[in-house]
Structure formats: C-alpha cells, structure tokens
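Participant: Generate the whole structure from the sequences, applying the supplied hints.
Number of protein chains: 2
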Amino acid sequence: MKKVTFKDIANESGYSKATISRYFNDPDSLTDDAKEKILKAINKLRYKENKIARVLANGKSEIIGVLIPDLYMHYYADLLTKLLVCSDKYGYKAIVFQSLDDSIKEKDYLEELLKYHVEGVIVISHVISSKELASMNIPLVTIEREDQYTSSINSNNYEGGLLATKHLVDQGAEVLIHINSGLKKESPAYGRIKGYRQVVKESKLESKEFNANFGDRYEEIVSKFKPIFNEIEDKYKGKKKGIFLSNDTIANVFLNLIVQKYNTLPDDYLLIGFDDSPISKEAIIPLSTIHQDITAIAEKAMYLLNEKMQERKKRHPKKDETIKHEIVDTTLIIRDTTRGKYEELD
Amino acid sequence: MKKVTFKDIANESGYSKATISRYFNDPDSLTDDAKEKILKAINKLRYKENKIARVLANGKSEIIGVLIPDLYMHYYADLLTKLLVCSDKYGYKAIVFQSLDDSIKEKDYLEELLKYHVEGVIVISHVISSKELASMNIPLVTIEREDQYTSSINSNNYEGGLLATKHLVDQGAEVLIHINSGLKKESPAYGRIKGYRQVVKESKLESKEFNANFGDRYEEIVSKFKPIFNEIEDKYKGKKKGIFLSNDTIANVFLNLIVQKYNTLPDDYLLIGFDDSPISKEAIIPLSTIHQDITAIAEKAMYLLNEKMQERKKRHPKKDETIKHEIVDTTLIIRDTTRGKYEELD
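These protein sequences, in sequence, are chains A and B. 0 is the number of the first residue of the first sequence in numbering that gives the first Met the number 0; add one for each residue after it. 0 is the number of the first residue of the second sequence in numbering that gives the first Met the number 0; add one for each residue after it.
Straight-line C-alpha distance at most 25 angstroms; calculated BS3-like pairs for lysine-lysine: (1) Lys239/A x Lys207/A; (2) Lys16/A x Lys59/B; (3) Lys312/A x Lys6/B; (4) Lys193/B x Lys207/B; (5) Lys114/A x Lys59/B; (6) Lys16/A x Lys114/B; (7) Lys239/A x Lys260/A; (8) Lys36/A x Lys114/B; (9) Lys239/A x Lys223/A; (10) Lys59/B x Lys59/A; (11) Lys184/B x Lys200/B; (12) Lys39/B x Lys114/A; (13) Lys280/B x Lys260/A; (14) Lys88/A x Lys114/B; (15) Lys114/A x Lys16/B; (16) Lys317/B x Lys130/B; (17) Lys313/A x Lys114/A; (18) Lys59/B x Lys6/A; (19) Lys16/A x Lys34/B; (20) Lys16/B x Lys16/A; (21) Lys280/A x Lys223/B; (22) Lys59/B x Lys106/A.
Covered stretches of chain A, going by a simulated chain B footprint (3 or more residues, C-beta under 8 angstroms): (23) 11-24; (24) 65-79; (25) 91-97; (26) 248-259; (27) 270-281.
The hints are simulated quantities; they were obtained by calculation from the structure and are not laboratory data. Quick caveat: nothing in here was measured; it's all calculated off a predicted structure. Each residue gets a CB set at the ideal place from its N, CA and C atoms; glycine is no exception.
Facilitator: This is how it looks when you write it as structure tokens:
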C-alpha cells in the first residue's frame with residue numbers, strides 16, 4: 000500500500016504543503032472553500048484515514064480512558080468486559096489503566112490520558128478523591144467509589160443490604176449477623192451495612208457485626224475467618240443464625256468452614272452473600288446472594304459519559320456543572336444456603 | 000491553564016506558523032538548527048506536551064493494542080492484568096479490544112488499531128488465523144493460540160499434561176481418565192492431551208478420554224457433566240481412578256458432584272485440574288492443579304514485542320522474518336485432591 004503524502008494532496012488540490020498541513024492542524028484558519036477542495040483531493044487519493052491527524056484537526060480522538068483498580072476481583076473484570084462492549088457501541092476505543100492502589104500512578108495515568116486527548120474518562124479505581132477528579136475538567140463518570148464531586152453510577156447497595164437481611168428474617172433467623180471485609184464509610188458499598196442495620200432495627204432481633212480486613216489472598220481470608228467462625232459457633236449455639244456477608248468470596252469461605260465441620264449446612268445456618276459472582280454458583284452448596292446488574296451499570300455509565308462528551312464537542316458547550324448520581328437496582332437471588340432446612344449432602 | 004498555540008511558538012522562535020506546523024508534521028524537512036531553536040522555544044513556553052502531535056512527528060504513539068477474547072475466564076483477566084503492568088514498565092499504554100469470538104469485529108479492531116498508529120499488538124483472541132495476522136506487517140506477538148506464522152509465548156502445556164498424569168500414576172491410579180472441554184488440535188492447550196497420552200502409553204494402564212464442549216455457563220457445565228460422572232461411577236467401580244481435567248473450573252464441578260454424593264472425596268478418586276486459578280484454592284477440598292506462570296508469560300510477551308517495536312523504529316530496520324516461539328514452564332501444585340487417602344470431612 001503506497002503511502003499518500005501531504006505533497007500528493009498538495010499536488011492534487013493545488014494548495015501548498017503548508018496549507019495541507021494547516022488543514023490538519025489548524026483547520027479554522029482556512030476558508031470553507033479551501034477545506035472542501037482539500038477534502039475532495041484527499042478522498043480522490045483515498046488517503047488512508049489517519050486517526051491521529053483527525054484528532055489534531057477536530058479534537059475527536061474517539062478514545063476514552065478507563066481506570067480500574069485491578070482485575071483480580073471478578074467484579075472488576077466483569078465490569079471492564081461490559082464497559083468495553085458498551086464503549087464499542089458508541090464508537091469509542093478504550094485505553095485501560097490499572098492503578099493497583101497506587102495514588103501516584105493514578106495521577107500519572109490521568110495526566111497521560113489527557114495528553115492523548117481522550118474525550119472522557121471512566122474511573123473505577125478509588126485512590127484519587129472525587130474533588131481532584133472533578134478539577135480535571137474533562138467528561139468523567141465514576142463507578143462504585145467515593146463520588147461527592149463526580150457524576151456516578153452505583154448499585155443500590157442499601158437496597159441490596161435490605162433485601163438480603165429481610166430475606167434472612169423471613170427464613171426464620173433468630174440472630175442477625177453481618178460480616179464484612181473492611182468497607183469504608185465513604186464508599187457506596189457501605190450502603191450494604193446501612194441496609195442491614197435498618198432491618199436489625201426494625202426486627203429488634205439480637206445482632207452482631209464483624210468487620211475484618213480480610214485482604215485479597217484466599218489463604219489470608221481463611222485464616223482470619225476461623226476465629227470468627229468459632230466465636231459464632233460458641234456464642235449462638237442452637238440459635239438460628241441469619242448471616243449476611245458483604246461479598247460472595249468471603250461467603251464461600253464461611254460456607255466451606257461449615258461444610259468441612261458438619262458435612263452439610265446445618266438447619267441453624269442461613270447464609271447470603273453479595274455480588275452474584277461465579278463463585279456463588281460454583282460453591283459446594285449454591286449460595287444465595289444479591290445480584291448486581293453490571294450490564295446496566297456499564298450501559299448507564301457509558302450513556303452518561305457520552306452525553307458529556309457530545310456536549311463538549313459543541314461549538315459553544317454548556318459548562319458541565321450538574322453532578323448526577325444514578326442508582327441501579329439490585330435483586331435477591333435465592334439459592335440453597337437460605338432454605339432454612341438443607342438436606343444432608345447425598 | 001492557558002493553551003500555548005503554534006502562533007506563540009512562532010513568535011517565540013522567530014519562525015513562521017507554517018514552519019512550526021512542519022516541525023510537528025514533517026520534521027525531517029527542517030534543518031537541525033531550526034529544529035533546535037523551535038524546541039528551545041517550546042520548552043521556554045512549557046508547551047503542554049501534546050502526544051498526538053508527537054506521534055505525527057516521529058511515529059511513536061507509545062500505544063500497543065491488546066486483543067482478548069473476553070474476561071469471563073479468570074485466566075484472561077489475570078493475563079490482561081499482568082500485561083498492563085508489563086506494558087507500563089516499557090512506557091506503553093494499552094488500547095484493549097475484546098473480540099467475543101467474532102471474526103469480523105476482530106478484523107475491524109485490527110484495522111482500527113493501525114489507524115491509531117499503535118506500535119505493536121498482542122493477540123490473545125483466537126479467531127483470525129496467524130497467517131492473516133502475520134500479513135499485517137506490524138510488530139505482533141500471540142499468546143496461547145494458533146501461532147504457525149506469528150511469534151508467540153505459550154505455557155508448556157505438554158509438560159503440564161505429563162506432570163499431572165505422572166502424578167496420578169505416582170499416587171497409585173489404576174485407571175487414567177482425561178476430561179477436556181473441546182480443545183482444538185491447533186491450539187497450544189492441546190499439548191495437555193498429548194502429555195496425558197504419552198504417560199498413558201508409558202504406564203500401559205487402562206484409560207479413557209472424555210471430550211465435551213462444556214461451554215462457558217456454569218449450569219451448562221454441570222448438566223453436561225452428570226452423565227460423564229455416572230459413566231465413570233458405573234464403569235470403574237472399585238478401581239482407583241486418576242482423573243486429569245483440562246481446567247480448574249470443570250475440575251471443581253466434578254469435585255462438587257463427588258462430594259455431594261459421598262460427603263467426601265473417596266479414596267478411589269484422584270483429581271487434578273489445570274491453570275491454578277482461584278477456584279482451585281476456593282473449592283470445598285483444595286484442588287491439585289498445574290500452575291501456569293502468567294507473570295512470566297506476560298513479561299516474555301512484552302519483552303519480545305518491545306524488541307520488535309524498537310527494531311521498527313530504527314532508521315533502517317531489519318525486516319522481521321524470524322518467528323520465535325517461546326515456552327514457559329509449568330509446575331505441579333499438589334493440594335488435597337490427589338492425596339489418595341482423604342479423611343472424612345470433619
């Protein structure tokens with residue numbers, strides 16, 4: 000494939016090379032007539048579309064940036080998958096950065112993204128404050144992170160906590176227990192705890208919260224879980240325990256500890272997790288859980304970002320000062336760990 | 000932040016705007032003296048580095064493309080995570096595309112990537128043939144896919160199959176069984192089957208292969224697995240069964256079926272999976288498996304791609320005609336499903 004040069008376009012259009020260069024770099028400095036003639040020449044030469052040149056010409060890179068924490072957690076991998084599908088629908092490519100909980104990197108990456116003229120950014124990682132993100136003055140949407148100053152899409156975590164805990168009450172729980180993995184107050188996921196507490200308050204049942212920073216490593220989760228399991232076994236012997244765990248990974252650990260001890264999930268245990276991640280199905284006894292609609296989260300995030308990006312491209316864009324927080328419904332998924340009566344495994 | 004324009008640089012350097020434009024678009028047309036003076040002016044004005052302009056100036060986009068199938072399988076999510084870390088080390092950003100098994104999309108994406116002047120591509124998705132990939136004439140490395148015409152990094156799947164099956168023999172298996180999920184002959188993962196067959200041949204033990212296309216959905220895997228489980232139960236009653244499964248997800252399904260029936264993994268079952276993915280640890284009985292060194296795979300892929308990209312940037316690049324296939328060692332991970340004698344769960 001022969002490369003078409005500025006010189007070829009100049010010869011074809013009758014303009015100088017410098018003018019052709021201006022066409023790509025500073026098109027507003029040319030008359031409409033000149034622009035039209037040059038465009039015709041380009042089309043005639045079937046100038047291999049050069050996205051980079053087009054970006055310089057009109058500022059439309061057709062690239063968005065996506066900042067994620069990491070893909071170890073299935074939730075993030077799933078969310079990224081769905082975001083890539085959605086951005087593609089809007090004709091955008093995605094440059095993906097993972098910040099691995101490093102705030103310096105996260106800032107560097109954001110700087111880098113601006114240099115590439117990305118048109119917008121979706122931020123899932125949670126190191127930089129929303130205030131700082133907002134100050135960047137670029138179309139931006141955050142997902143499931145602190146979002147005081149940014150437009151955001153989040154799951155209805157509060158509703159999820161309510162649904163999970165109410166279901167435990169409905170199934171006959173006599174004690175309500177919540178176990179979570181170091182959720183922070185400013186994160187949207189903290190709503191799960193609030194939902195749980197609301198039901199505790201209404202039901203007036205005995206209750207207990209365990210808040211442990213389990214970390215990411217499976218072995219670490221297991222070792223930190225054993226004393227919690229023992230405490231629950233001792234303290235609530237004979238009582239029907241309704242246990243809501245803040246994610247399916249830790250719910251599976253707890254389930255395994257119980258099954259390893261009893262060969263089954265005894266009648267006096269009701270367990271429910273959160274996320275509807277693959278492990279909830281793959282567990283030895285399929286886990287009840289709260290479904291997060293990740294497809295809807297990705298679609299709404301991309302829709303909102305696209306609105307902002309299109310506004311920015313207008314000749315006289317409105318200043319984007321409205322902060323939108325959208326909430327996506329969660330659903331109760333009843334599987335086998337909240338049946339109240341689970342038959343012996345056989 | 001005030002935007003510095005070509006006009007500002009022109010005023011500062013004493014050259015015309017057209018010359019400044021040439022500096023970014025066709026730098027070779029300027030004298031070294033002119034280039035140096037313009038650069039000084041830019042630095043003085045602390046011209047906000049414009050990557051896009053630099054790409055036009057020197058062809059270095061500092062972007063690579065990564066084509067993945069999807070992130071549902073933990074293996075791909077993990078590989079992408081590691082590739083993002085490695086590309087960052089070499090100063091590259093990654094545009095990520097997922098092709099979702101759609102060959103038309105995959106071709107479109109590759110076309111798109113070329114338009115963005117990506118410097119190289121890593122291809123993990125497996126729809127387009129390596130012959131077609133090679134014809135694109137861009138630095139390119141493939142991972143764990145058909146690779147006849149492309150440089151590639153793969154796990155030593157054959158060695159993994161050998162290690163797994165030998166371990167079953169060592170633990171006293173009387174029958175060797177292999178269950179795999181529709182592996183294709185041309186894929187590197189097919190080496191797992193070859194390794195298994197080699198040990199079957201040497202050991203002269205009775206053996207049986209099951210080849211089922213289980214699909215991606217957990218429920219589908221379970222339903223397709225039940226008849227296989229029943230057949231094994233009937234046919235090899237009382238014999239010590241050494242079962243090698245082609246990945247940990249299906250190994251976990253099989254383990255759950257056994258434990259749901261017997262409350263334990265009986266003495267006459269030895270199970271080993273492949274991948275060392277999280278589910279192998281999170282299973283009700285931790286699964287023996289073959290570890291793939293994904294960090295090493297990502298590092299070698301990026302090293303090889305970088306070599307090719309650097310060569311391409313030279314004034315007189317050598318034509319890249321050597322195809323390299325590098326192999327990364329696998330390791331046997333012994334957990335609890337190949338102990339031969341597993342105590343009752345309690």
